[in-house]
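Visitor: Go ahead and model the full structure; you've got the sequences and the hints to work with.
Under numbering that gives the first Met the number 0, the letters of the sequence shown match residues 0 to 423, in that order.
Worth double-checking, as some hints may not be accurate.
[To be verified] Straight-line alpha carbon distances no greater than 27 angstroms define the calculated BS3-like cross-link-like pairs of lysine-lysine that follow:
| id | residue 1 | residue 2 |
| --- | --- | --- |
| 1 | K167 | K343 |
| 2 | K343 | K290 |
| 3 | K228 | K290 |
| 4 | K229 | K309 |
| 5 | K167 | K370 |
| 6 | K56 | K343 |
[As the list claims (entries may be wrong)] Label pairs and their in silico Cβ distance ranges:
| id | residue 1 | residue 2 | range |
| --- | --- | --- | --- |
| 7 | P416 | I117 | 50 to 56 angstroms |
| 8 | L391 | E312 | 58 to 64 angstroms |
| 9 | S197 | A421 | 46 to 52 angstroms |
| 10 | A421 | R384 | 58 to 64 angstroms |
| 11 | R327 | V179 | 18 to 24 angstroms |
| 12 | E250 | R384 | 30 to 36 angstroms |
| 13 | R132 | N329 | 48 to 54 angstroms |
| 14 | R327 | S375 | 29 to 35 angstroms |
| 15 | V244 | K403 | 54 to 60 angstroms |
| 16 | K229 | L391 | 34 to 40 angstroms |
Because the hints were derived from the structure by calculation, they are not lab data.
This structure is a prediction, so every number in the text was calculated from the model and none was measured.
Backbone N, C-alpha and C fix where the C-beta goes; we use that ideal spot for every residue, glycine too.
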Amino acid sequence: MSEVFDYLKMIADAVRTQHEMPVTWAHVVHACLGKAQELSGYRSERRLVLMQQALEKRVIDKLSGSAGLSSERLAEAAKRLEASEPDGPTSKFVHERILRWRSNARLDVPDWTVDVWINVLQDFHVSGDDFTRPGGWAQEPAPTAGAPPPAADWRKDLDALVGLGAIKRQVLELNDFLYVQRVRAARAATKGAPVEISLHQIFTGSPGTGKTSVARILGSIYREFGFLKKGHLVEVSRADLVGTVIGATEENTQRKISEAMEGVLFIDEAYSLSSAGNQDFGPRAIDVLLKMMEDHRDEFVVIVAGYPGKMEEFLSSNPGLSSRFNERLNFLDYTEDELAEIFKRLATHHGFDISHPKLTAAVMAWLEANKRATGSAFGNARAVRNLWEKMLRRQAFRLNRAGKVADAEPGLDVLLPEDIPAVT
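Guide: This is the structure:
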């Protein structure tokens with residue numbers, strides 16, 4: 000067994016020499032997957048690419064970027080591995096032997112990415128022996144008739160969001176924190192009391208900056224780690240919680256919290272519960288919320304959202320609020336390039352042609368004018384979607400009046416600058 004640990008050290012030293020960075024087993028596996036795509040007989044297997052992407056999302060990107068190994072370094076390191084195999088190599092490719100060995104051997108290696116890699120293998124229904132099977136890879140299992148659809152992959156949803164670099168990093172850090180705490184708690188010999196985890200969050204930012212989407216992703220993460228059984232999102236505003244007669248606010252708030260049990264209660268513009276004056280029922284909703292957060296501490300998560308300055312006023316309106324929320328995510332307004340990308344993705348998703356040379360500039364001019372007109376209420380991605388829907392209506396009006404609505408009419412899928420409405 001000492002030969003195997005010598006081999007592990009040699010692999011790590013090889014990567015450090017080339018990249019001068021901390022090395023984990025995920026870096027080695029990532030490099031070998033890249034070699035498999037270049038050289039192996041199963042290089043067309045789509046799961047290779049997906050597994051490499053999964054490693055990037057779960058490990059590599061959070062540890063100073065991707066790492067590769069040169070062919071010479073791989074060959075040098077693999078000599079020790081080959082010597083440790085009692086039956087000799089079963090493949091002529093070094094990277095295949097490394098992938099098989101790392102996927103089949105559960106050694107006591109102090110490297111948390113080994114467990115991540117095992118989870119990736121399970122997610123894609125791949126075994127270590129698949130990497131050296133002469134007949135190619137085993138087929139992915141066909142879905143069972145009547146089986147429920149697989150849970151949505153929150154990592155794909157997070158990557159699909161435009162911009163939000165700092166937010167994405169915070170979400171990934173939270174994911175890693177929960178993973179490490181779960182591993183610590185699962186050890187046979189514990190070292191101290193478990194870390195107390197508060198999952199409640201504060202989101203600050205303008206409308207249309209992705210707060211609801213990220214809240215839904217957090218629900219999926221909490222479900223994945225077993226902190227919430229369902230992880231669903233219940234989105235509410237003041238109108239859903241505050242009543243107009245005595246007792247209605249308490250009843251409304253308790254009902255919405257009941258809907259959010261085992262999931263996430265997302266309160267948009269939460270400051271409206273505390274900013275309507277002394278005769279308002281809003282503070283009663285806050286009192287009910289705080290009590291339910293205490294009585295059902297591990298049964299649901301609360302995320303409060305709104306403009307940064309007003310959220311400070313909200314937190315200071317009740318002595319018990321600030322202590323309930325440990326984490327804050329600040330959603331910045333989208334840049335011009337990010338708004339343009341959102342518009343482009345809408346067009347691509349729905350199969351529209353936006354190649355007119357003046358269209359993008361006209362769209363950005365409309366958004367800028369709308370931002371000046373609305374000020375702090377500018378809707379960001381929401382403004383882009385509103386513009387998109389108005390353009391589709393104007394395009395339909397233009398085509399219909401010109402008698403160009405027919406199956407073969409190419410203009411059905413084309414947007415033009417004249418489809419952009421005036422700013423109101």
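Visitor: If a hint holds in the structure, say so; if it does not, say that too.
Guide: The hints, checked one at a time:
A hinted pair counts as satisfied when its Cα atoms are at most 27 angstroms apart, and K167 with K343 qualifies at roughly 21 angstroms. For the suggested pair K343 and K290, the alpha carbons sit about 45 angstroms apart, so the restraint of at most 27 angstroms is broken. Using a Cα cut-off of 27 angstroms, the hinted pair K228 and K290 holds, with the two alpha carbons roughly 21 angstroms apart. Among the hinted pairs, K229 with K309 is inconsistent with the structure: their alpha-carbon atoms are about 31 angstroms apart, more than 27 angstroms.
With a CA separation close to 25 angstroms, the supplied pair K167 and K370 stays within the 27 angstroms bound. The straight-line distance between the Cα atoms of K56 and K343 is roughly 24 angstroms, inside the 27 angstroms bound, and the hint therefore holds. Checked against the hint of 50 to 56 angstroms, the C-beta distance between P416 and I117 comes to roughly 54 angstroms, which is consistent with it. Range check, L391 to E312: about 39 angstroms between beta-carbon atoms, so the 58 to 64 angstroms window is missed.
Roughly 48 angstroms separates the CB atoms of S197 and A421, a value that falls within the hinted 46 to 52 angstroms. At roughly 18 angstroms, the beta carbons of A421 and R384 sit outside the given window of 58 to 64 angstroms. In this structure the supplied range 18 to 24 angstroms holds for R327 paired with V179, their Cβ-Cβ distance being about 21 angstroms. Checking the proposed 30 to 36 angstroms range against E250 and R384 shows it holds: the Cβ atoms sit about 34 angstroms from each other.
Between R132 and N329, the C-beta spacing of about 49 angstroms keeps the proposed range 48 to 54 angstroms intact. Remark: the range hint 29 to 35 angstroms for R327 to S375 is contradicted by a beta-carbon distance near 19 angstroms. Separation of V244 from K403 is about 56 angstroms and conforms to the stated range, judged on CB atoms against 54 to 60 angstroms. At about 35 angstroms, the CB distance of K229 to L391 agrees with the hint of 34 to 40 angstroms.
Comparing the model with each earlier hint shows violations of hints 2, 4, 8, 10, 14; every other hint is respected.
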